[in-house]
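The chain contents come next:
Protein chains: 4
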Amino acid sequence: MKKLKLGVIGTGRIGKVHISTLAQNVPQAEVIAIADTNLDSANEVAKAFGIANVYSNYKDVITNPEVEAVVICSPTDTHAQYIIEVAKAGKHIFCEKPVDLSLQVIQGALNAVQKAGVKLMVGFNRRFDPNFLKIKQLVEESKIGDPHILKITSRDPAPPPAEYSAVSGGMFMDMTIHDFDMARYIVGSEVTEVFTNAAVLVDPEIGKAGDVDTAIITLTFANGAIGVIDNSRKAVYGYDQRVEIFGSKGMACADNNYPENHRYFAADGVHGSLPLNFFMERYLEAYANEMKIFCLAVINDQPLPVSGDDGLKSVAIALAAKKSYLEHRPVKLSEILSM
Amino acid sequence: MKKLKLGVIGTGRIGKVHISTLAQNVPQAEVIAIADTNLDSANEVAKAFGIANVYSNYKDVITNPEVEAVVICSPTDTHAQYIIEVAKAGKHIFCEKPVDLSLQVIQGALNAVQKAGVKLMVGFNRRFDPNFLKIKQLVEESKIGDPHILKITSRDPAPPPAEYSAVSGGMFMDMTIHDFDMARYIVGSEVTEVFTNAAVLVDPEIGKAGDVDTAIITLTFANGAIGVIDNSRKAVYGYDQRVEIFGSKGMACADNNYPENHRYFAADGVHGSLPLNFFMERYLEAYANEMKIFCLAVINDQPLPVSGDDGLKSVAIALAAKKSYLEHRPVKLSEILSM
Amino acid sequence: MKKLKLGVIGTGRIGKVHISTLAQNVPQAEVIAIADTNLDSANEVAKAFGIANVYSNYKDVITNPEVEAVVICSPTDTHAQYIIEVAKAGKHIFCEKPVDLSLQVIQGALNAVQKAGVKLMVGFNRRFDPNFLKIKQLVEESKIGDPHILKITSRDPAPPPAEYSAVSGGMFMDMTIHDFDMARYIVGSEVTEVFTNAAVLVDPEIGKAGDVDTAIITLTFANGAIGVIDNSRKAVYGYDQRVEIFGSKGMACADNNYPENHRYFAADGVHGSLPLNFFMERYLEAYANEMKIFCLAVINDQPLPVSGDDGLKSVAIALAAKKSYLEHRPVKLSEILSM
Amino acid sequence: MKKLKLGVIGTGRIGKVHISTLAQNVPQAEVIAIADTNLDSANEVAKAFGIANVYSNYKDVITNPEVEAVVICSPTDTHAQYIIEVAKAGKHIFCEKPVDLSLQVIQGALNAVQKAGVKLMVGFNRRFDPNFLKIKQLVEESKIGDPHILKITSRDPAPPPAEYSAVSGGMFMDMTIHDFDMARYIVGSEVTEVFTNAAVLVDPEIGKAGDVDTAIITLTFANGAIGVIDNSRKAVYGYDQRVEIFGSKGMACADNNYPENHRYFAADGVHGSLPLNFFMERYLEAYANEMKIFCLAVINDQPLPVSGDDGLKSVAIALAAKKSYLEHRPVKLSEILSM
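Protein chains in written order, with this note's numbering: chain A, 281 to 619; chain B, 281 to 619; chain C, 281 to 619; chain D, 281 to 619.
Worth flagging that the hints you see were computed from the coordinates, not collected in a lab. Predicted, not measured: the structure shown is a model, and the values here were computed from it. A couple of the hints might just be wrong.
You can't tell identical chains apart in this list, so a pair holds if it fits in one copy or across any two.
Cut-off 25 Å, straight-line C-alpha distance, at most; resulting in silico cross-link-like pairs (BS3-like, lysine-lysine) [to be verified]:
{"hint": "1", "residue 1": "LYS282", "residue 2": "LYS296"}
{"hint": "2", "residue 1": "LYS395", "residue 2": "LYS593"}
{"hint": "3", "residue 1": "LYS529", "residue 2": "LYS488"}
{"hint": "4", "residue 1": "LYS283", "residue 2": "LYS296"}
{"hint": "5", "residue 1": "LYS368", "residue 2": "LYS395"}
{"hint": "6", "residue 1": "LYS327", "residue 2": "LYS283"}
{"hint": "7", "residue 1": "LYS282", "residue 2": "LYS327"}
Just chain A, with the same shape it has in the complex (with noise of 0.2 Å):
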C-alpha cells in the first residue's frame, strides 16, 4: 500500500488528536516528522507513536524532503502563514479552524495556495460525522424538500480559560465557527445575514474578558431559508450536539451520542447514561474520516470536500455575528466580506 508521508506541526490537544487518528485509524498515512516549540511535547508524542523526526522548528518538517503533505496544528495566528511557506514547497496541507481571524490574512494564505497549486482542506471535522453525514445525505437525496428551517444546537460541557476568548477570537470563533461551517454543509446555501442574541450566564470573568458564553444565532441562506444556532459554553449534563433540518417534504434530526444505549428503571425513575462528554469521543469516527479522506484525496490526486474558501466563509460569518452582536442589529454578510 501506497502510504502518504505526513509531518505535523504543532503536537497540542488537537495535534495528538490527528496523529494517533493518523496512526491507529488511518493505514494510508504515516507521519514521519513533528515539530512543536515545546520540544518535550513533541519527543512524548514522538514515542508514543514510533515517529522517526522530532523537531521544535516548524520549518523543519516543512522542508523535511520525504515529507508530502503537512498538517498544521499550530496556534490559530501562526496558520496563515505555515500555510505560505508549506505552499510555496509544493507540499499539500491540512490546517485547523479558523485559518485566521483576519479575512484578508486568510485571502492571501487562500491566493499562495492557489498559486503553488496545492491542496488545502480545512478542518471541519464535523461533516465526517456518521449523524450528520445522514442527516445532509437526506438533504441531498431531496427526503427533506426545499430546507425551510435549520436549527443547530452546539454546547460544551466546560467553558476554555477566560483568557482563551483573547487568543482564540471568542465564542463566535473558536466554538461557533464549526456551526457556521455547519449550516452551509447542511442547507447547501450561503448565510447572507445574521442576527445574534448574546448573554454572559455562565461566567462573568468571560464577559470581562470581553466575549459571551451564551448565544443564539439567526441565520438567513441565499436559497430563502432561515436557520438558528443556540450555543452555551457549559452544558452541565455533557457535551450536546444536534442538527435538525425542517423542510417542504419532512424533517430530520440527529440526535447525541452515548457510551452505551442502557436504561435502568427504578421506583424513583427511568434513567440512562449522560452523553458522549468530550469532543474527542464525540467525534472520534469524524476525526478519523476526515483524515482518511484527506490523505485518500492527495494520494490518489482527487478534489477535497472542505476547501480554503469554507474556511474563509465560516471566519466571515463569526465575523458579522460578533458584529451584529457589538451593534445590536442584523448584519448582513456583503457588510462583511466587502471590508
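Guided by the hints, dock chains B, C and D onto chain A, whose structure is given.
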C-alpha cells in the same frame, strides 16, 4: 356535587371543543345555554350534548339568570366587547385567545373586569398539557437552575386559508401567540425584546395576503435568559410541538405525542407512526384540564392560573414580533407597551 | 341517536370502570340499572353517574324490561350462572374475564348463549389498546411475514393480597390470562403446548397460598410459531406491558405508555418519568374502545370481536400453564381440552 | 512501553478480527507470528499488518521463542489440542469459543492449563461490550436488587450455510453459546436447568442438517432467578442483540447499536436506520476491550475475567439445551455435568 352553570358564546370549532370537554370530562360543570349567529350550528350542538337553551343572540346567554359563567368562543373582534358585557352582568369569564389585536382595547376590557370584580381566564390551553406542565415543574423545582436558553418548536400540519390572515391578525397573532405565552410561562420572566426572521416559504398566497408562514423569533427575557421560537404553517409529518429549557443545572425537553408507541423493524429501516396530527387530539387532555381548573376556581373562589394580563402580554409580544419583521430590527417590548 | 340501554351487575373496581366509561365515553350507551350485594356501593355509583335503578339483587337488573344488555362484573364464580340467566332472558352479555375456572362450566354457559341466540363478548380489553391494535394490524397486513417468535412482558406494579389467589384461581388465571388471550390474538393461531418455569420470588406468602409470583411461560402455536410470556407480580417501576412479534419479514414491538414524554438531563444522568402505573390509566382508551365496540355491535347486530370461545381458550391455556408448573413438563392443550 | 508478543493460529474471519484489533487498538500488543493451513490467506494478513513470521504449521507459532502468548482462532475441533500444546510450551492462551463440543475434552485441556500454570481466557467478547458491561455494573451495584427474570434476545442477520451445523455443533453450540455465557455473567449464578422450545422456521435445509434455526430457551438459575433466551438465525432487519434484567429493585435493559442516530419524519411516518448488521461492527469495541484486557492481564500477571471453567459451563448448557430439545423435557445441568 355543586355544578357550575355555564353559557357558551360561539359554537364553531373551538366552541365545540369546550362544550364537549365540559360535558364529558368536567363533572363539576353544566352547560345550560349556548349562542351562535348560525343557529343551525348551535342547535346541532345543543342536541348532541343535551343543552336546554339555544340562542342566536349572544346577549341571551349573558342575561340568562341561571348562567354563572360565560365561555367566549366567538371571533376575535368580538372578545373585548363580550368580556365587558359579561363583566357588567357580574358573571365570570373564560375567553379564547387572543383577547383582541389592540392593546388599548384589551386594556379597556381588563379594566371592566377589574371594576366588576369578576374572574377572567384566557384560553392558553397548552399550559395545561402534561408535557409542558412537567417542564414547568422542573423549572419551578430549580432542577434547571437559572434558565439560560429556551427553545420552542411549534409547527402546524397545514396552513389556514390565506384570507384567514386578515381576520386573525396573521401568524404571530393566531399561532405564535401560544408560543409567546408558553415562553413567559416556562421561563417565568417577561419578554423584553424580540427579533423576527420570517419568510414566505410554504405558500406565496400567504405572502400576498401580507402574512408570513415560516419564522424564527429570538426573545430576550427580563431575567437575562434568551430564547427562540421556530414556526411553520406546514409540517407534512404532522403537528410539531416541542419545548426545551436549558439552564445552569440541567436541561429538560418535551417531545411530541404519538397515537401509539410501536416500532416496526423491516429490511428497509425502522419505522414508527407520525405524531398526533390535530390540535384537538394533541391537546385533548390540556383542554380538559383547562376547563376543569377554570370551573373549580370559580366554584371555590380561587385565583385563576391565566390572567387577563397574560392575555395582554402575549398580544404585545406578537405586535413586537410583527414590528420587528416589518422594520427588520430588534424591537423592545417597551416600545409596544408604551404606545 | 339510538342508545343501548344497559344494566351492570357488580359495582366493584372493574364495574366502576365500565360504568364510568359508558357514561363519559360511549355516547351510544346508557346505563339504566345496576346491582351490587353491597347496596351502599351501588347507590354511590348510581348517584355519581345519574343511574335511575339500583338493586341489591342482580336478578332485578336482568328482569328490568328496559335493559337490553347486561355487563357482568361480579366475582368470577358467579359469571357462568349470570350468563345463563341473562341469556335465558334474551339479552346480550358482556362478561369480565375469566368466564369461570372450569372448562365444563364455561362450556355450559356458552351452550346457553348459543341456544338463546344472544351475543356474548368477554372482557379482554387489551385487544383494544392502541399499541397492541397497531401490532395486530402489522401482522394482518403481512408486514411481519410468517410469525416466528412472540414475546409478551406483563408485570404488575404490586401483588394482590395473598389470599386473593384462592378466589382468583392464581396468577395464571387472574393475570396471565390476559397474556394468553393476547398471544392467540397477535399470532392469529391456537396455542398447542405450554411449558411453565415459575417461582415465588416476590413474597413467600404468595407461595404459602399455593400460588407463584414470577413466571416464564413458553408457548407453541398451531402455525409453528413459538412464544414466551414473562410475568411478575411486582415491578417497582410500574405497570410493564409490552409485546413483540418477530417474523420472516420483520419485527414489531410496542412499548409502555407514559404520563408525559419529557426527558431531564442533569449532571448525574438523563432521567424520565415512570410508565403509567395503574391499569385503569394504562388501558383507559382500551376500556373505552371495548365498550364502544360492544354497544355498537349490539345496536347494529354485528359480530363481536371477542367470542365466548376466546374466553374458554384462555382459561384452557391457564389450566395447562398451571399443570405444566405442577408437573414440571411441557403440557399439550389437547390434554386439557379433552378432559 | 512493554509490548506483549503474540502469535495467532488461524487467519480466518475471527483471526483477522483479532489481528486487526491488536494492531490498531491495543498498543500494548504486537503480533509477531501467525499460522494458517491456507498460507496465502496468512501471507495476505501478514502483509496488511506488517507481521514478520508467517507459517503454514501452527506448531511454528507455538515454538517461536519470542512468542509469549498464543491466540487460537482455528476450527473448534483443534482448540483443545492446541491449548494443551501451548500450555506445555509454557505460554499464555486466548482461545475462541467453544473450547470443544465435548466436556471431557475440555476438561482435559483445562487440566493441562492448570498443570502448566499458564493463563487461559475464552473468547466471550460480548462480556466486554459497553452496553452489557453497564447492565452487569448495575447488577453488581445492587441497583436491580435480587435478580428475578433475565431476558436475552439474540438474532443473527442471516444463517450460516446449512452444512456448517455439522461442524459447529449446531445453533446452540455456535450461536446460543454466547447467550449462555451472557446469562451466567449477568445473573451471576449458575444455570441449573434448561428447557428448549425450538423449531425450523427459517430454512428447511437447516432442519435436514439436523439443526434448528429458531428457539426459545428457558433457564433456571441456582439463585432462584429464571431466564429466557430467544434466538433466530435470520432477522431481516439486522443483528439483534438485547439484554434485560428484572429484579426486586428495578429493571435494566440494553438496546441494539445503530450506525448513527438520526430520525427522518416524512408524510408517511417516522423512519430511522437499521441496527448495525455485522457482528464485527456491533462488537468492535468489545473485541478491542477483550484483547486489551487479555494482554494487560498477561503483562501484569493478573487474573483473567473469563476462565476455562466459563468455557466449559457454556458448552454444558448448550448440551443441555440440545438434549432438552431432543427429549422435549426440562433437563438439569447436573445430568450433563455428571456424564
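For each hint, the structure was consulted:
1. In this homomeric assembly, LYS282 and LYS296 come within 25 Å of each other (Cα to Cα) both inside a single copy, at 23 Å, and across copies, at 21 Å.
2. Within a single copy, LYS395 and LYS593 get their C-alpha atoms as close as 20 Å, which meets the 25 Å cut-off; across copies the closest is 60 Å, which misses it.
3. When the C-alpha separation of LYS529 and LYS488 is checked against a cutoff of 25 Å, the pair qualifies only between copies, where the shortest distance is 23 Å, while the shortest distance within a copy is 46 Å.
4. Both within a single protomer and between protomers do LYS283 and LYS296 lie at most 25 Å apart by alpha-carbon distance, with minima of 20 Å and 21 Å respectively.
5. For the identical chains of this complex, LYS368 and LYS395 are intra-copy neighbours only, at 9 Å inside a copy versus 67 Å across copies, given an alpha-carbon limit of 25 Å.
6. Within a single copy, LYS327 and LYS283 get their C-alpha atoms as close as 20 Å, and across copies as close as 14 Å, so both meet the 25 Å cut-off.
7. Taking the shortest alpha-carbon separations for LYS282 and LYS327, both the intra-copy value of 24 Å and the inter-copy value of 13 Å come in at or below 25 Å.
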